[in-house]
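Enquirer: Sequence:
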Amino acid sequence: MTFENIGSEVNYYMRQKLNAYQSESWAKWLVYQYDRVCCRFILWGFEVDKSIIVPIVQRIQNETLKKLSETDELFECGPIKANFQSGLICTHVNKMTNALKLDLQNVPKQTVDELRNWLKKILDIEWDEIKEHKFYTPKVEKDQKKSNSQSQYLYLVFKKEEAFRRAVNKVPPYYMNDQGNGFGIRGDNEKESWGRELIIQTPTNVSVEDIINRYGADVITKCLQLNKEDEKARVESTLKLSNLPLTSDENFLRECLQNGGGSNPKRVYVGRPDNSESGWAKVTFNNEEQRNKAAVIYDVALCQNSFPITIPGKKGPRQKFIQTTVSKDDDANPTRNLPKNRFRIIVTSREVALHIFSSQTTTTENLTMATTISNPINPSEWTVDSSATVTVLRADLYPDFQRIVDSICNKFGVKITCKSIPNFGKRCIFNHGTPQKTSLAASMLAQTCAPMNIKLTTDRQKQLFNELEEVGVIQKWASELALVINKNKYNTNIEIRGPQIAQGQLMRQIADYSDEFNQRFREYQLSTIVAAFFGRQKAASIKLQKIASQWSSKKCLVSFIPKTSTIINMGKPNVSLKDMNDCEKEIIQLLDEITVKTEDEESEEEEEDDDEEEEDVEEMDITNIEAVRQHRRCVFCKQKSSMSTNIFRICGHNYCRCAAQALSTSFKLHLECKECKSKIHIRDIQIIFCNDEQLLMQLLKSSIQNFLKINAKQDDRVFCPNDECDGLIQFNCNYQACLTCGRNVCPKCQVIDDELHAGRTCVQLVEEKKRRQEFLPQLFEAAKRFVLENWPTDPQMQPVGRIDENPYLEKGYKSSRRFYKGVKMLGQSLPPDLAKGFFAYHGTGYKALGPICENGFDPKRRSGQAYGRGEYFGVSAAVSHGYSQKDGAQQ
Numbered sequence: 001m002t003f004e005n006i007g008s009e010v011n012y013y014m015r016q017k018l019n020a021y022q023s024e025s026w027a028k029w030l031v032y033q034y035d036r037v038c039c040r041f042i043l044w045g046f047e048v049d050k051s052i053i054v055p056i057v058q059r060i061q062n063e064t065l066k067k068l069s070e071t072d073e074l075f076e077c078g079p080i081k082a083n084f085q086s087g088l089i090c091t092h093v094n095k096m097t098n099a100l101k102l103d104l105q106n107v108p109k110q111t112v113d114e115l116r117n118w119l120k121k122i123l124d125i126e127w128d129e130i131k132e133h134k135f136y137t138p139k140v141e142k143d144q145k146k147s148n149s150q151s152q153y154l155y156l157v158f159k160k161e162e163a164f165r166r167a168v169n170k171v172p173p174y175y176m177n178d179q180g181n182g183f184g185i186r187g188d189n190e191k192e193s194w195g196r197e198l199i200i201q202t203p204t205n206v207s208v209e210d211i212i213n214r215y216g217a218d219v220i221t222k223c224l225q226l227n228k229e230d231e232k233a234r235v236e237s238t239l240k241l242s243n244l245p246l247t248s249d250e251n252f253l254r255e256c257l258q259n260g261g262g263s264n265p266k267r268v269y270v271g272r273p274d275n276s277e278s279g280w281a282k283v284t285f286n287n288e289e290q291r292n293k294a295a296v297i298y299d300v301a302l303c304q305n306s307f308p309i310t311i312p313g314k315k316g317p318r319q320k321f322i323q324t325t326v327s328k329d330d331d332a333n334p335t336r337n338l339p340k341n342r343f344r345i346i347v348t349s350r351e352v353a354l355h356i357f358s359s360q361t362t363t364t365e366n367l368t369m370a371t372t373i374s375n376p377i378n379p380s381e382w383t384v385d386s387s388a389t390v391t392v393l394r395a396d397l398y399p400d401f402q403r404i405v406d407s408i409c410n411k412f413g414v415k416i417t418c419k420s421i422p423n424f425g426k427r428c429i430f431n432h433g434t435p436q437k438t439s440l441a442a443s444m445l446a447q448t449c450a451p452m453n454i455k456l457t458t459d460r461q462k463q464l465f466n467e468l469e470e471v472g473v474i475q476k477w478a479s480e481l482a483l484v485i486n487k488n489k490y491n492t493n494i495e496i497r498g499p500q501i502a503q504g505q506l507m508r509q510i511a512d513y514s515d516e517f518n519q520r521f522r523e524y525q526l527s528t529i530v531a532a533f534f535g536r537q538k539a540a541s542i543k544l545q546k547i548a549s550q551w552s553s554k555k556c557l558v559s560f561i562p563k564t565s566t567i568i569n570m571g572k573p574n575v576s577l578k579d580m581n582d583c584e585k586e587i588i589q590l591l592d593e594i595t596v597k598t599e600d601e602e603s604e605e606e607e608e609d610d611d612e613e614e615e616d617v618e619e620m621d622i623t624n625i626e627a628v629r630q631h632r633r634c635v636f637c638k639q640k641s642s643m644s645t646n647i648f649r650i651c652g653h654n655y656c657r658c659a660a661q662a663l664s665t666s667f668k669l670h671l672e673c674k675e676c677k678s679k680i681h682i683r684d685i686q687i688i689f690c691n692d693e694q695l696l697m698q699l700l701k702s703s704i705q706n707f708l709k710i711n712a713k714q715d716d717r718v719f720c721p722n723d724e725c726d727g728l729i730q731f732n733c734n735y736q737a738c739l740t741c742g743r744n745v746c747p748k749c750q751v752i753d754d755e756l757h758a759g760r761t762c763v764q765l766v767e768e769k770k771r772r773q774e775f776l777p778q779l780f781e782a783a784k785r786f787v788l789e790n791w792p793t794d795p796q797m798q799p800v801g802r803i804d805e806n807p808y809l810e811k812g813y814k815s816s817r818r819f820y821k822g823v824k825m826l827g828q829s830l831p832p833d834l835a836k837g838f839f840a841y842h843g844t845g846y847k848a849l850g851p852i853c854e855n856g857f858d859p860k861r862r863s864g865q866a867y868g869r870g871e872y873f874g875v876s877a878a879v880s881h882g883y884s885q886k887d888g889a890q891q
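Going by the numbering used here, the residue at position 170 of the sequence shown is 170; the numbering climbs one at a time, nothing skipped.
Just so you know, the hints here were simulated from the structure itself, not pulled from any lab data.
A virtual CB, placed ideally from N, CA and C, is assigned to each residue, including glycine.
Keep in mind that a hint or two might mislead.
[Unchecked claim] Quick list of simulated restraints, FRET-style, between CB atoms:
id	residue 1	residue 2	range
1	Ile803	Lys462	49 to 55 Å
2	Val471	Ile803	53 to 59 Å
3	Gly845	Lys770	45 to 51 Å
4	Arg344	Lys821	34 to 40 Å
5	Ile309	Glu250	55 to 61 Å
[Unchecked claim] Straight-line Cα separation of at most 30 Å, DSBU-like style, residue types lysine-lysine; simulated pairs:
id	residue 1	residue 2
6	Lys668	Lys638
7	Lys543	Lys555
8	Lys677	Lys67
9	Lys668	Lys578
10	Lys67	Lys101
11	Lys81	Lys109
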């Protein structure tokens with residue numbers, strides 16, 4: 001009798017359990033053998049005993065498979081820790097640390113009795129449901145020495161989970177401190193607030209509390225009074241005196257003002273630079289009126305006459321006459337002239353921001369908390385403006401930066417305020433437009449000045465960029481293109497800053513260099529068994545070091561990378577390919593010796609087990625060993641290799657490094673062997689993804705998501721469908737704003753920022769989209785809008801001439817079929833949802849346009865794969881434009 005798809009670990013446990021039956025009469029003539037090549041467990045015995053033996057062995061097999069399948073491991077995924085069994089099936093979500101602890105912010109500091117009433121009103125929580133509470137100041141605010149007069153922080157620990165859940169569902173966003181809770185971390189970064197940020201200008205008697213009462217704590221996530229500074233400091237004004245005689249001091253400057261009938265200044269600071277024949281002074285007044293009068297007095301008293309100073313010249317010291325000048329420091333405090341209070345608020349969604357902006361003189365029920373208190377504030381005196389901030393680092397790399405911001409302002413009809421920050425940076429604030437307009441303007445500026453980040457995730461990428469740096473070519477290219485390149489200290493990320501066309505040109509130069517580098521770079525991925533022979537003081541490593549020493553003089557660099565279990569054979573730029581090939585032969589010969597040795601040892605172990613149980617089984621000869629090597633074909637890529645393939649514990653089939661990518665793109669809930677559909681042991685999964693943590697995180701997130709949906713009674717939260725967000729949202733709340741990333745999302749149909757979903761169920765949304773129009777017309781219209789709204793303002797870029805629709809998509813050619821097939825592989829329904837994708841640019845020669853439109857991208861025509869296999873796309877048209885240029889000419 002034969003049992004198929006049996007791995008070595010299943011074989012081991014089945015043998016162990018069968019040995020317990022050795023005392024049985026039918027076991028005396030029972031023979032069992034494991035065929036590792038074909039993954040079979042074979043039994044021989046008398047026919048008369050078959051009815052007894054078969055049920056026992058089948059039960060043993062089922063128990064063994066169950067045991068191995070239920071082996072679990074604990075993984076962390078964002079804010080969640082969970083247990084996973086074979087197949088990467090989530091079986092339990094652990095309660096997070098401080099599971100019943102809720103962190104609040106912006107809580108009015110009150111007495112205990114007042115706090116009780118506030119908690120009952122806001123959270124519907126009784127005081128006896130709280131186990132512990134405490135006001136505190138976050139470490140960040142302590143470090144920054146901020147006053148917490150505007151926002152008090154309070155944590156509550158509940159006695160029971162039911163009360164905790166009730167409070168979480170009830171608490172308005174304004175009072176939720178997500179950074180202290182396990183709901184992900186709301187990014188307070190600039191991008192996430194675009195379209196959600198407003199500036200409210202009010203009379204001076206309006207406070208933060210009035211803003212919250214008007215618009216509602218259920219829609220405001222943050223409210224900050226921008227001009228809440230000391231009133232005296234707020235109205236301070238200064239002037240500067242330059243080219244002062246060295247005899248001028250503080251007393252002299254004060255006497256000038258006194259004699260001219262001016263006010264006594266608040267502060268006077270006189271500076272005298274070393275080796276200088278003149279000085280300067282900064283004079284500070286209580287208000288602008290005093291400052292302006294003093295400027296007139298100083299102009300009459302000090303600036304009308306010249307005086308001589310001695311300066312060096314070509315023929316020796318010479319005399320020069322200069323005059324004292326006075327200038328007003330208009331940029332010292334831009335808030336001094338503001339007669340009103342200004343508040344910066346961030347709301348839960350872009351729709352709310354647009355509603356407040358559009359109806360700034362009215363208050364609607366759905367935007368305001370129900371309050372019965374009388375308020376003397378007159379909202380008609382309030383003004384609302386949208387705001388979107390972009391911080392540009394190294395603005396000096398863009399010689400036409402001012403032209404860029406001016407063209408963006410003209411394009412969207414907004415205004416901008418720029419402030420210089422250290423290291424040649426600019427903080428740009430767009431305003432005087434709708435939230436959509438300022439958001440689009442900020443997005444375009446951020447995109448125009450965005451750096452390119454190259455993540456070095458493979459040994460090949462690291463070696464390529466190390467060589468580019470060592471030979472100095474990447475620095476030379478960057479200098480010629482006016483770019484700045486920064487590498488982090490871990491050598492895992494390279495940041496390239498500068499004009500995006502230049503970024504694309506640099507990418508092209510790197511890609512061209514990469515083509516030649518590929519001929520000199522060879523790597524040998526080892527299985528876990530073969531890799532175990534390498535290490536400090538191990539024989540295989542010593543032999544490899546000898547090979548490396550022998551060939552280093554011929555410009556061949558050989559090394560073993562323990563982290564990735566890889567041997568690298570890399571030639572220097574002028575290496576002989578013959579030497580590379582000869583060096584490679586010696587490395588392969590060493591690996592072949594190790595592989596034969598491991599297979600001999602495995603065979604001997606099996607023979608020893610067989611010898612203990614039956615004496616008639618012949619030894620496996622060398623031909624069988626060779627058969628094992630030939631049958632080690634990866635079930636995913638079908639490539640044969642005895643040195644790089646591992647064996648699945650449960651089913652015994654082989655896999656190599658490609659398994660990580662294959663499994664992460666299979667979009668199945670359970671990870672399984674492609675050959676026999678057996679679940680993959682959890683420890684095999686750990687080995688497969690040991691160097692691909694990002695791919696593993698995606699699969700963990702998907703598995704946890706499925707568990708949370710099935711076990712909604714245990715926890716009603718699921719992950720936000722935004723791939724860049726680790727926040728948790730309520731599953732039963734349908735279309736909602738994620739408090740972590742600010743996007744409008746649906747936990748059930750995974751829609752992101754689709755206004756059609758507002759007020760509709762998922763089924764109604766699908767019907768509404770079908771009623772409106774088909775997918776391709778939507779796609780073409782959205783693509784045109786994307787291009788026109790995001791086309792770069794760079795003068796090197798030609799304006800958009802025309803936009804053509806791809807006729808092959810409508811006719812159902814190969815490109816169309818491949819696209820729809822990919823949508824199905826992603827587990828999505830047809831027609832595709834535009835909200836689940838994004839647009840990008842691809843630069844190519846004009847001759848390739850037709851074939852790409854008809855057939856899609858052809859992997860056989862790839863070149864310049866500097867960053868790994870795949871098709872390359874630009875975040876903006878400027879990057880793709882630069883990439884598609886070669887030697888300065890458009891291809």
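Enquirer: Could you run down the list of hints and mark each one as holding or not?
Expert: Verification of the supplied hints:
1. Ile803 - Lys462: 49 to 55 Å: For Lys462 against Ile803, whose Cβ atoms are near 40 Å apart, the range 49 to 55 Å is violated.
2. Val471 - Ile803: 53 to 59 Å: 42 Å, violated
3. Gly845 - Lys770: 45 to 51 Å: 39 Å, violated
4. Arg344 - Lys821: 34 to 40 Å: 48 Å, violated
5. Ile309 - Glu250: 55 to 61 Å: 21 Å, violated
6. Lys668 - Lys638: 20 Å, holds
7. Lys543 - Lys555: The given pair, whose Cα atoms are some 19 Å apart, holds under the 30 Å limit.
8. Lys677 - Lys67: Roughly 18 Å between the alpha carbons, so the hint for Lys677 and Lys67 holds.
9. Lys668 - Lys578: Answer violated: Lys668 to Lys578 is near 46 Å, above 30 Å.
10. Lys67 - Lys101: It is violated: about 37 Å lies between the C-alpha atoms, which goes past 30 Å.
11. Lys81 - Lys109: 35 Å, violated
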